[in-house]
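J.: If you want the building blocks of each chain, they are given just below.
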Amino acid sequence: MSARDEILARLRTALADSPPPVQVPRGYRRVDDRPDLIAALVDRLEDYRAVVHHGIGALPRLLGEVDRLAVPTDVPADWLAGYAGQLHRDAPPLSPAALDDLDAVLTGCAVAVADTGTIILDAGPAQGRRALTLVPDRHICVVRTDQVVGLLPEAFTRLDPRAPLTWISGPSATSDIELNRVEGVHGPRRLEVVLISPPGSSGA
Amino acid sequence: MSHPVAPATGSGRIRTPLPFPTAAKPAVADTQLRANLHRATRTIRAKRARVVDEVPDWEALRDAGSAIKADVQRRLPELLEQFEASATAAGATVHWARDAAEACRIVVALTRAAGADEVVKVKSMATQEIELNEALEAAGIAAYETDLAELIVQLGEDTPSHILVPAIHYNRAQIREIFQRRMSDAPADLSDEPAALAEAARVHLRRRFLSARVAVSGANFAVADTGTLVVVESEGNGRMCLTLPETLISVVGVEKLLPTFTDLEVFLQLLPRSSTGERMNPYTSMWTGVTPGDGPQDVHVVLVDNGRSAVLADPVGRPALSCIRCSACLNVCPVYERAGGHAYGSVYPGPIGAILSPQLTGVADNASLPYASTLCGACYDVCPVKINIPEILVHLRQQAPHPPAERATMRVLSWVMRSPRRWAVALRLARAGAGPLGAYRERRTGARTLRRLPWPASAWTRSRDLPLPAPQTFREWWGKQ
Ligand code: SF4
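So the protein lines, in turn, are chains A and B. Residue numbering for the first sequence follows UniProt numbering, starting at 1 and increasing by one per position. Residue numbering for the second sequence follows UniProt numbering, starting at 1 and increasing by one per position.
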């Protein structure tokens with residue numbers, strides 16, 4: 001008998017008492033009723049030591065500090081307006097060693113969750129593949145305000161499970177030494193979030 | 001309909017080589033260790049309480065989490081078949097392992113097939129349980145732990161002592177000493193600042209991440225309807241391992257299943273807050289089979305029984321399979337705080353280890369563990385999936401071939417630890433080197449020859465100048481509960 005069939009048979013035998021069906025109570029909150037989601041997101045992001053900037057106008061100043069920048073191939077042109085440093089588009093794909101040589105990466109995201117200060121990347125538009133936001137030491141992430149939801153259950157309605165998903169809450173951190181939080185172990189040591197309005201809307 | 005194949009118990013690092021009271025003695029006598037443990041568990045307890053208090057629907061989330069897991073257990077065979085079909089359709093290869101040895105053989109064979117003689121590892125309880133590192137080493141394959149705490153433990157040639165913070169028993173000076181002794185590229189002037197130690201680990205592992213060809217992980221969750229695996233972590237070592245190598249092998253206990261992708265909305269709220277006391281851990285990775293051009297292109301999942309079918313077969317003990325390894329129960333347990341993780345012998349320490357390990361091995365092979373508890377119930381209160389650990393402990397005690405010494409010792413210990421006043425008295429008596437704890441047993445049992453105090457006091461009375469812990473600290477802690 002194969003291991004598969006044997007394990008399945010063992011488990012079926014183990015359930016010989018036929019446990020009754022289970023009703024899952026879903027009384028937890030599914031929608032956030034907070035008045036200002038953006039303020040909540042900013043508060044959580046900063047609590048996790050991400051640096052938050054407001055408006056697309058913040059980008060040129062931020063990128064001005066970056067000599068060598070990695071970007072996914074489909075990064076919107078207006079994000080790079082006036083960038084004078086070395087631009088490395090991820091096509092053909094940059095090797096891990098090449099990525100390790102760059103100063104920062106600039107991407108968008110799929111969803112941001114205010115309740116937990118979490119940014120979710122799904123390899124969709126302006127995000128590129130996973131290695132891109134992992135190896136460079138500084139991640140500059142543009143979040144559109146229409147990508148912000150309140151609670152985790154709201155985020156799940158927007159995600160495609162087949163896409164590789166990376167959830168980021170603040171920069172890489174460890175608490176393994178006497179439970180002191182230290183930022184930046186293997187992931188990017190700096191996370192900078194630029195909050196922008198959706199295209200076509202007014203204001204920042 | 002009859003099923004001819006009986007559920008089977010497991011093997012690997014889930015057995016206590018010594019009875020719990022014996023194994024606990026060195027920890028109880030080690031004041032440095034006890035101070036490290038006390039500070040750490042107290043800190044995590046406070047953080048957890050704070051972030052749980054800010055969630056208005058916490059109890060509703062626990063109820064949902066508990067019910068989803070009960071549903072998984074009831075439908076485990078069909079959900080596993082569904083997971084296999086979804087993951088396979090997404091480009092992963094699914095393997096099945098009856099026990100620890102079979103799981104190790106599969107990982108060794110896959111690593112060899114990839115032509116690699118080293119693997120990078122994401123922290124995983126399942127791979128520790130099956131003693132994968134030892135099996136890889138025996139096969140000539142080097143296994144590198146990449147989680148900072150696991151790295152400390154591996155370099156120190158030690159074993160983990162906590163589910164979440166495996167190096168909880170070390171302080172910064174001890175960690176620096178291990179790095180200087182065993183990490184070849186550690187700076188000569190390495191300080192014991194946490195930031196400096198973390199930086200040394202970063203430099204040490206960077207090259208390895210960028211060149212690794214095979215990674216081995218576990219999974220916090222495996223989703224049946226989509227075939228998705230989930231790894232929750234903080235440092236980014238997980239992302240490195242799960243993203244850069246060509247081949248990814250994930251070792252997953254069969255109980256890790258969730259029915260639907262959406263069910264993650266419950267568990268990703270329960271786990272980080274219960275575990276590290278954060279609203280969300282810094283990184284969570286989810287992948288479903290292979291994504292062309294992004295991440296590992298050769299993806300394997302090894303589904304492991306190793307005793308889980310035996311746990312499932314016991315209707316009272318079955319909910320132990322709901323455990324999401326958050327470690328909240330360790331951090332509130334008065335016995336864990338005194339005895340430390342190593343005393344439990346198994347990779348699963350603390351209250352959950354006291355029930356899960358004997359269930360996985362069969363109670364006869366771990367007979368002292370169900371007594372490693374005061375039955376105070378703190379573990380049940382914090383458990384995000386509402387596992388009634390005290391109830392299962394009592395149930396297992398009834399099945400255990402009662403080891404008389406442990407039973408008597410643990411009964412007294414449990415009686416003492418249940419009351420702060422009795423604990424304080426026990427410490428005073430221990431200091432005096434004699435006393436009513438023994439007398440208490442004499443009255444109760446009619447034995448007149450008892451000279452030594454029962455454990456843990458015995459460890460302190462053996463030598464007069466063993467430093468005693470401050471009773472104040474315990475009372476302070478107790479008062480806060
Ligand atoms: S038994 Fe509950 S509290 Fe303990 S580790 Fe498992 S899920 Fe967490």
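Among the hints, erroneous ones may be present.
Partial chain A-side listing against chain B, Cβ under 7 Å, derived [said to hold, decoys possible]:
1. A14
2. D17
3. R29
4. R89
5. P125
Derived from the structure by calculation, the hints contain no laboratory data. Note that the structure is predicted; figures quoted are calculated from it, not measured. Glycine residues also receive a C-beta, built at the ideal position from the N, C-alpha and C atoms.
J.: State for each hint whether it applies.
T.: We went through each hint and held it up to the structure:
1. Taking 7 Å as the C-beta contact cut-off toward chain B, the hint placing A14 of chain A at the interface holds, the least distance being around 4 Å.
2. For D17 of chain A, the shortest C-beta to C-beta distance to chain B is roughly 5 Å, which falls under 7 Å, so the interface hint holds.
3. At its closest, the beta carbon of R29 of chain A sits 5 Å from a beta carbon of chain B; the interface hint therefore holds under the 7 Å criterion.
4. Because the closest C-beta pair between R89 of chain A and chain B is about 15 Å apart, greater than 7 Å, the hint is violated.
5. A hinted interface residue such as P125 of chain A counts as satisfied when its beta carbon comes closer than 7 Å to some beta carbon of chain B; here the least separation is about 14 Å, so the hint is violated.
Taken one by one, the earlier hints fail for this structure at numbers 4, 5, listed in ascending order.
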